[in-house]
Amino acid sequence: MSSPRSSSGRGKSGSTSTTVRVRRDIWRLQPTADTPWDPIVTAYARAVAVLKRNQGTRQRHWRFQTQIHGMAPDPGDRLRNMCQHASWYFLPWHRMYLSRFEDICRSIIEEDPEIPDEVKSDWALPYWDYDRTDSNSLPFPFRQEFIDGEPNPLYEARRRVGVNDGNPIPDPALTRASGWFSLPNFSTPFDLTPSFGGRETDYHHSASGTRGALEETPHNTIHVWVGGPDGLMSGFNTAAGDPVFWLHHANVDRLWEVWRANTGQGQDSTNPNHLNKKYQFLDRSNANTTITPAQVADTENDLGYRYEDISVPPSAGAPVQEEFVPEMRRRPLRLGSSESTTSLSGGRSASTAVPTPGFDENIRRAARPHRMLLAVEHITTDTPLDDIYGVYLDDPTGGKGILVGTMSLFGIQESNSPDSEHEMSYTYDVTEAVSKLSESGRWDPDNIKVSFHPLTDPSSRRREESAHESNITVGTVSLMVG
Amino acid sequence: MSNSTTRSSETFLNRRPEWLIATIALCSWPALIPLLWSGPPHGHHGTDHHTTHDHVSHTPTAQAPSVTSTAGVALAVWVLMTVAMMLPTAIPAIRYTAFATHHRRRQRSVLLFALGFVAAWLPLAVPAVAWHLSGREPTVTVTAVTIILVSMWELTRTKRRALLRCHRTAPVRFTGRPADRSALAFGVTQGMTCVLTCGPAMLALMILNHPVVATILVAAAMPAQKILRWGIPLRVPFAAAGLGVAAIILITS
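If you read the protein sequences in the order shown, they are chains A and B.
The first sequence begins at 1 in the numbering used here and counts up one residue at a time.
The second sequence begins at 1 in the numbering used here and counts up one residue at a time.
If you're looking for bench data, these hints aren't it; they were derived computationally from the structure.
It should be emphasised that the depicted structure is a prediction, and the values quoted were computed from it without experimental measurement.
Any given hint could turn out to be false.
[Claimed, not checked] Taking lysine-lysine and the DSBU-like style, the derived pairs with C-alpha atoms no more than 30 Å apart in a straight line are:
| hint | chain 1 | residue 1 | chain 2 | residue 2 |
| --- | --- | --- | --- | --- |
| 1 | A | 400 | B | 159 |
| 2 | A | 436 | A | 400 |
| 3 | A | 120 | A | 52 |
| 4 | A | 436 | A | 449 |
| 5 | A | 278 | B | 159 |
| 6 | A | 52 | A | 278 |
[What the hints assert, rightly or not] What follows is a list of derived Cβ distance ranges for each label pair:
| hint | chain 1 | residue 1 | chain 2 | residue 2 | range |
| --- | --- | --- | --- | --- | --- |
| 7 | B | 126 | A | 400 | 56 to 62 Å |
| 8 | B | 126 | A | 432 | 46 to 52 Å |
| 9 | A | 396 | B | 104 | 50 to 56 Å |
| 10 | A | 72 | B | 76 | 42 to 48 Å |
| 11 | B | 115 | A | 432 | 51 to 57 Å |
| 12 | A | 312 | B | 236 | 45 to 51 Å |
| 13 | A | 265 | B | 7 | 35 to 41 Å |
| 14 | B | 11 | A | 189 | 14 to 20 Å |
| 15 | A | 442 | B | 220 | 52 to 58 Å |
| 16 | B | 11 | A | 166 | 42 to 48 Å |
Backbone N, C-alpha and C fix where the C-beta goes; we use that ideal spot for every residue, glycine too.
Kindly generate the complete structure, drawing on both the sequences and the hints.
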């Protein structure tokens, strides 16, 4: 689905133009290495170059924009160190953040005499759709260290080994839409319960707790895949310092619109605690403004932009069966859990048994309809991360297990810090996986095993020879019914 | 009772696995109150040395309570205080323990958690009992300094981090001996964290001989800080109130 570059419409809060701008796919703007840079991309690079000079009022400082996401120590100004994660505020907060950044870039672009007027009038941030085989590597404009002999503002050396060389994302599991597309609930009041957008929390500048499905894949997985163990994208306090961060989040924002147009129709949060939460951002004139999620719910009317393509991704899988749309609003019932911790070290696979004594009795106790959930809790690490893991429900007959989700551990260090309220945990909806095993006669409640296999390429691991092996501990793996 | 009422009650209790601990905590108060606030003004516990001495002088045949029994009563007071005032603050952790466990053994895990929790508080009983055995009455200065120190503790990073840790969980296993061990261990961990958050306030109550208002305030304030969503920022007004009270005590003395 392709749209004209812009169309008429009204933009309200945060928008300085009545034109509805179109955020376009960077890979369609720049499909090959030989393609001349599209003017939209050039404009973005020039705006980033100005921001990176860190001159003028602070909304135009690259450092300030990075610090809005995260910084240490907390400055206490309610402007910086504010990113919301593992929370129902994750999506609206990042939408606010992006729209302010985009408008500030636009203000720079408008002043640039080198940029054509037609680009100035409707420039919008591009997005990076990495969920296709022709776009699952870092976009070309971000790979080149120099452009015409000058440093490329979009280049960043601190990325995972191989990313700047154009290595593709090693496994489609890191970007697939099937984990979030069919979830009908935007949020959940319960921990260890899946949702599209995240758990109902208060202000939550933390990675701890259970995150929404979209936040984990592809948001977290791409952060860790691009950043690697010591890159900018892998840390809360540095992620926004990589110019590709903004295109990545534009895509995450776009996927929210994909969900809203399909499974999420009519599922926007109506909870005043969510809608009226106030956040502060500096606008293009350096004024301190307050925005709420209610004011960014509609991208066209509230913020003056829309996406070039919000069609359903092929990786979304089969549509939700209409006769079964669970509420996911009751506490899940635990059916069994692992009896010891599981250690993942050096990028090696590991597995754990999940005994479920009294499975049939416990299933009968659970209210219908059933969703089977797999919870992975009490995750800690003492080293920077090298690997993104896939979580598999094993086939007890020895066949290949079924991938139920990814475990990127983005933010693990923040969640393990003394100032963090909860540990990191993951919850996967394994209903379909259990159904598949049941239908083929391979489901055995007395023999449930969960495995963790790395999805990242070993050759992309850390550069230093003497680096310690990553060591991850998973405290609990549980099967639950919700 | 009709079947539907029975089922409703069962459902209610199943959804509130903390009911047993909450009941035990509530029932601890009738036992605790006489120990805290009965007896002559200079001997809250009825075992104060002066009271004991006077009692001996008027009834020569009466035997003075031994140090052991006095210490025993003081220890009992401490344990009852922990159960009545501190265990309720661990209700979120108790619920986690219960729901992490097979439904047939939930209360077993919960009780083991409570045992570990109370055990973690025992080391702090040593200074508490020692103060009690000393028979000292808090002077105005001691009272004011104690309140100031407790108030300042509220504002420390250690207290804040301990409050955050109160919300953390640990692996609690589903059945069998692993479930027993892990529930007990989680109780100990939570108890130790609780000592950091609430220990100074509890010690202060022992030092100040359990003023009624202060005891009730601590019993309300500590759960509020730990359980309410906006509980952590409550440290600041509590600290301010404490410093205000200390100032009034010093000014009016």
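A quick look at each hint next to the structure:
With a C-alpha separation of about 49 Å, the suggested pair residue 400/A and residue 159/B falls outside the 30 Å cut-off, and the hint is violated. Taking the CA atoms of residue 436/A and residue 400/A, the gap is near 12 Å; set against the 30 Å cutoff, the hint holds. Straight-line distance between C-alpha atoms of residue 120/A and residue 52/A comes to about 20 Å, which keeps the hinted pair within the 30 Å bound. The straight-line distance between the Cα atoms of residue 436/A and residue 449/A is roughly 15 Å, inside the 30 Å bound, and the hint therefore holds.
At most 30 Å may separate the alpha-carbon atoms for a hinted pair to count; residue 278/A and residue 159/B meet this at roughly 28 Å. For the suggested pair residue 52/A and residue 278/A, the alpha carbons sit about 28 Å apart, so the restraint of at most 30 Å is met. A C-beta distance of roughly 59 Å is found between residue 126/B and residue 400/A, which places it inside the suggested range of 56 to 62 Å. Taking the beta carbon of each, residue 126/B and residue 432/A are about 57 Å apart, not inside 46 to 52 Å as hinted.
Taking the beta carbon of each, residue 396/A and residue 104/B are about 26 Å apart, not inside 50 to 56 Å as hinted. Against the hinted window of 42 to 48 Å, the Cβ-Cβ separation of residue 72/A and residue 76/B comes to about 47 Å, which satisfies the hint. For the hinted restraint 51 to 57 Å between residue 115/B and residue 432/A, the CB-CB distance of approximately 42 Å leaves it violated. At roughly 49 Å, the beta-carbon separation of residue 312/A and residue 236/B lies within the given 45 to 51 Å, and the hint holds.
Look at residue 265/A against residue 7/B: about 37 Å separates their beta carbons, and that is inside 35 to 41 Å. Between residue 11/B and residue 189/A the C-beta distance comes to about 19 Å, which sits within the given range of 14 to 20 Å. For the hinted restraint 52 to 58 Å between residue 442/A and residue 220/B, the CB-CB distance of approximately 55 Å keeps it satisfied. In this structure the supplied range 42 to 48 Å is violated for residue 11/B paired with residue 166/A, their Cβ-Cβ distance being about 58 Å.
Going down the numbered hints, you'll see the structure goes against 1, 8, 9, 11 and 16, while the others check out.
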